[in-house]
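If you're matching them up, the sequences are chains V and D in order.
The numbering of the first sequence is the numbering used here, which starts it at 383 and goes up by one.
The numbering of the second sequence is the numbering used here, which starts it at 197 and goes up by one.
In case anyone wonders, no lab produced these hints; they're calculated from the structure.
Each hint should be verified, as a subset may be incorrect.
In silico SDA-like cross-links for lysine to any residue, where the CA-CA straight-line distance does not exceed 25 Å [unchecked claim]:
hint, chain 1, residue 1, chain 2, residue 2
1, V, Lys745, V, Leu604
2, V, Lys672, D, Leu293
3, V, Lys672, D, Arg283
4, V, Lys672, D, Thr245
5, V, Lys672, D, Arg292
6, V, Lys672, D, Arg222
7, V, Lys439, V, Gly696
8, V, Lys649, V, Pro444
9, V, Lys672, D, Ala290
10, V, Lys672, D, Glu294
11, V, Lys672, D, Pro269
12, V, Lys452, V, Val511
13, V, Lys612, V, Gly429
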Amino acid sequence: MSTHTEADILVIGGGVVGLSLAYGLVRGGDRVVLLDEGDDALRAARGNFGLVWVQGKGLGQPAYARWTLKAAAAWPAFAAELRERTGIDVELSQPGGLTMCLDDNELAERAAQLQRLRGEVGPDYPYDVLDGDAVRRLLPQTGPAVAGAVHCAADGHTSPLRLLRALLQAYEDLGGRYVPGGRVEAIAHRAGGFEVTTGGATYASSRLVLAAGLGNRTLAPLVGLSAPVKPNRGQILVTERLQPFLTHPTLYVRQTGEGVIQIGDSKEDVGYDDATTLAQLSRIAARAAKCFPLLEGVNIVRTWGALRVMSPDGFPIYQASTQCPGAFVVTCHSGITLAPQHAGPLADWIRGGEEPQETRGFKAERFDHVPTH
Amino acid sequence: MFRRIEGQAPRRTIAIEVEGREVNAREGDPLAVALLEAGVERFRDTPVTGAARAPLCLMGVCFDCLVEVDGRPNVQACMVTVREGMRVRLQHGARRLEPAR
Numbered sequence: 383m384s385t386h387t388e389a390d391i392l393v394i395g396g397g398v399v400g401l402s403l404a405y406g407l408v409r410g411g412d413r414v415v416l417l418d419e420g421d422d423a424l425r426a427a428r429g430n431f432g433l434v435w436v437q438g439k440g441l442g443q444p445a446y447a448r449w450t451l452k453a454a455a456a457w458p459a460f461a462a463e464l465r466e467r468t469g470i471d472v473e474l475s476q477p478g479g480l481t482m483c484l485d486d487n488e489l490a491e492r493a494a495q496l497q498r499l500r501g502e503v504g505p506d507y508p509y510d511v512l513d514g515d516a517v518r519r520l521l522p523q524t525g526p527a528v529a530g531a532v533h534c535a536a537d538g539h540t541s542p543l544r545l546l547r548a549l550l551q552a553y554e555d556l557g558g559r560y561v562p563g564g565r566v567e568a569i570a571h572r573a574g575g576f577e578v579t580t581g582g583a584t585y586a587s588s589r590l591v592l593a594a595g596l597g598n599r600t601l602a603p604l605v606g607l608s609a610p611v612k613p614n615r616g617q618i619l620v621t622e623r624l625q626p627f628l629t630h631p632t633l634y635v636r637q638t639g640e641g642v643i644q645i646g647d648s649k650e651d652v653g654y655d656d657a658t659t660l661a662q663l664s665r666i667a668a669r670a671a672k673c674f675p676l677l678e679g680v681n682i683v684r685t686w687g688a689l690r691v692m693s694p695d696g697f698p699i700y701q702a703s704t705q706c707p708g709a710f711v712v713t714c715h716s717g718i719t720l721a722p723q724h725a726g727p728l729a730d731w732i733r734g735g736e737e738p739q740e741t742r743g744f745k746a747e748r749f750d751h752v753p754t755h
Numbered sequence: 197m198f199r200r201i202e203g204q205a206p207r208r209t210i211a212i213e214v215e216g217r218e219v220n221a222r223e224g225d226p227l228a229v230a231l232l233e234a235g236v237e238r239f240r241d242t243p244v245t246g247a248a249r250a251p252l253c254l255m256g257v258c259f260d261c262l263v264e265v266d267g268r269p270n271v272q273a274c275m276v277t278v279r280e281g282m283r284v285r286l287q288h289g290a291r292r293l294e295p296a297r
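Build the full structure now, drawing on both the sequences and the hints.
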C-alpha cells in the first residue's frame with residue numbers, strides 16, 4: 383500500500399549536512415520532511431573526527447576560508463542554541479588547534495601554506511607558527527620528536543555524534559518529520575514541484591534539497607544538477623577513557639569531553655571500501671605516540687574507517703537547479719565545521735533569501751573541464 | 197555473595213595484594229573470580245558518572261571488571277590469572293597517564 387505526503391521542502395540525506403539544513407529550514411517555519419537511508423548506509427556523519435577547523439582551509443579559494451571563519455565564529459551560539467533546545471551538550475571547545483610537525487621541513491611547508499592563505503584572505507587571517515619548545519610549553523605532554531606546530535586560535539572540536547543527535551532532536555521538536563530506512567528510488571519534477579518515491583511511499587514538495595553525501599552523485603542529475611563527488615577513506619582509532627591531559631585539539635589527535643583519545647587521520651583513495659587496514663592503523667598510532675609519548679601503553683578500544691565526501695577540488699558544491707527550479711544540491715567535506723552556516727545563511731537562501739556572498743563561487747560548472755574519474 | 201561450586205579438585209592457596217591488603221586466592225583462578233570470592237563488589241567507578249561497576253560477563257566482553265594490576269591500569273580482571281604477590285588496585289574514574297619523561 384502506498385502513502386502520499388505533502389511538505390514545503392523535502393531534504394534527502396540525514397547526515398550532519400542534511401540535518402543542519404533541515405533544522406534551519408524548519409526553524410524558519412517550513413514544513414520539512416527529511417528522507418534518510420538505513421543504518422547500512424555509508425555515513426560520513428557517524429564516522430568523522432569532530433574537528434571545528436579553520437587552519438589551512440581555502441588555499442586558492444579565499445571565499446571558502448571566509449565561509450569557514452564565519453562558521454567557527456558562529457559555533458558558540460549554535461552550540462548554546464542546541465543545548466537550550468535539546469539539553470544536549472555537544473562538547474564544543476574552541477581553545478585553538480595545532481597541526482603538529484615532526485620535522486623542520488614539514489613545519490616550513492605548513493607555515494608557507496598558511497602564509498599564502500593569509501595573503502589571499504587578508505592580514506587578519508589567524509595563525510601563528512610555534513617552535514617545538516613553544517608547543518611543549520602549551521601542551522606539556524608533547525614529545526621531543528615534535529619540531530613545531532601551526533597554531534590557529536579559531537580552531538576547536540565537538541562531539542560529532544552528540545551534534546547529530548542534538549540536530550535531529552531539535553529538528554523533530556520543531557515539527558520536522560524524519561523518515562529513515564529507505565533509499566530514494568525516483569525523483570520526478572513536474573508542475574513546479576517534486577515527487578520523491580522511497581519504500582513504496584511518495585513525498586511531494588515545491589522545493590527539494592539533495593544532501594545525500596556520496597549519494598548526491600547519482601541523485602543530482604535527476605534534477606538537472608551535478609555533484610561529481612568521490613569517496614576518500616579515513617581511518618580512526620579511539621582509546622580507553624583517560625584523565626584529561628590534552629587541552630587543545632590537534633589535526634590528528636584530540637581528547638573528547640569524556641576522556642577518550644581519538645586518533646586519525648589517513649587519506650586513501652579506495653573507492654567505497656570503508657574497512658580498516660593494519661598498515662594504516664599502525665602508522666596512525668605510531669605518529670600519535672611520537673607526538674604524545676605517554677600514549678604508548680594505552681589501550682585502543684575501537685577502530686573504524688569512514689568515507690569522506692570529496693569534490694574534485696575539495697571545496698563544496700552549493701547550487702540551485704535552473705532546469706528544475708526549487709531543487710538544490712549541497713555537498714561538502716566539512717559538515718561539522720560548517721554546520722552553523724548550513725543551518726543559518728544557507729538554509730535561509732534555500733527558503734528564498736539571498737545567496738550568501740561566500741558561497742556564490744561554489745558551482746559544479748567549475749568541474750566541467752576537470753576529469754572526475 | 198558469591199560461593200564457590202563444591203566438588204572441585206583442591207588447588208594451592210596463594211596470596212595476592214588487593215588495595216594494600218593480603219588476600220588469599222586459589223592458584224589458577226581468574227583475578228575477577230578471586231576478587232569476588234574475597235568479597236570485592238565494587239571493582240571500579242566509571243569515568244563519566246562515577247557509577248560502581250563489577251564483572252558482568254566474566255569472559256572478556258563487557259570491560260566492566262577493569263582494575264589496576266601491578267601498576268598497569270584498565271586490565272580486564274576476568275582475563276588474567278592470579279599470580280603469587282600480584283598487586284591489585286581498584287580504579288576510580290579514568291586511567292591516569294604517566295607524564296612524558
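Worksheet entry | Given hint D:Arg222 paired with V:Lys672 - CA-CA distance at most 25 Å | violated (42 Å)
Worksheet item: Are V:Lys672 and D:Pro269 close enough, with their CA atoms no more than 25 Å apart?
Response: Cα-Cα ~21 Å, so holds.
Discussion item. Tell me if the straight-line CA distance from V:Lys672 to D:Leu293 falls inside 25 Å.
Written reply: holds (15 Å)
Practice prompt. Starting from V:Lys439, check that the Cα of V:Gly696 is at most 25 Å away, please.
Written response: Holds - the C-alpha atoms of V:Gly696 and V:Lys439 are around 10 Å apart, at most 25 Å.
Worksheet entry | Satisfaction of hint between D:Ala290 and V:Lys672, Cα-Cα up to 25 Å | This hinted pair holds, its Cα atoms lying about 22 Å apart.
Worksheet item: If you draw a straight line from the CA of V:Lys672 to the CA of D:Arg283, is it 25 Å or shorter?
Response: Cα-Cα ~30 Å, so violated.
Discussion item. Hinted pair, alpha-carbon criterion (25 Å max): V:Lys672, D:Glu294. Please report holds or violated.
Written reply: Measuring from Cα to Cα gives roughly 15 Å; hence the hint holds.
Practice prompt. Mind checking the alpha carbons of V:Lys649 and V:Pro444 for me, to see if they're no more than 25 Å apart?
Written response: holds (23 Å)
Discussion item. Run the distance test for V:Lys672 versus D:Thr245: straight-line Cα separation, threshold 25 Å.
Written reply: violated (32 Å)
Discussion item. Hint check: V:Lys612 vs V:Gly429, CA-CA at most 25 Å. Holds or violated?
Written reply: holds (16 Å)
Worksheet item: Within a Cα-Cα threshold of 25 Å, do V:Lys745 and V:Leu604 meet the stated pairing?
Response: holds (17 Å)
Worksheet item: Does D:Arg292 lie within 25 Å of V:Lys672 when you go C-alpha to C-alpha?
Response: holds (19 Å)
Figure legend: structure checked against the earlier numbered hints; hints not met, in rising order: 3, 4 and 6.
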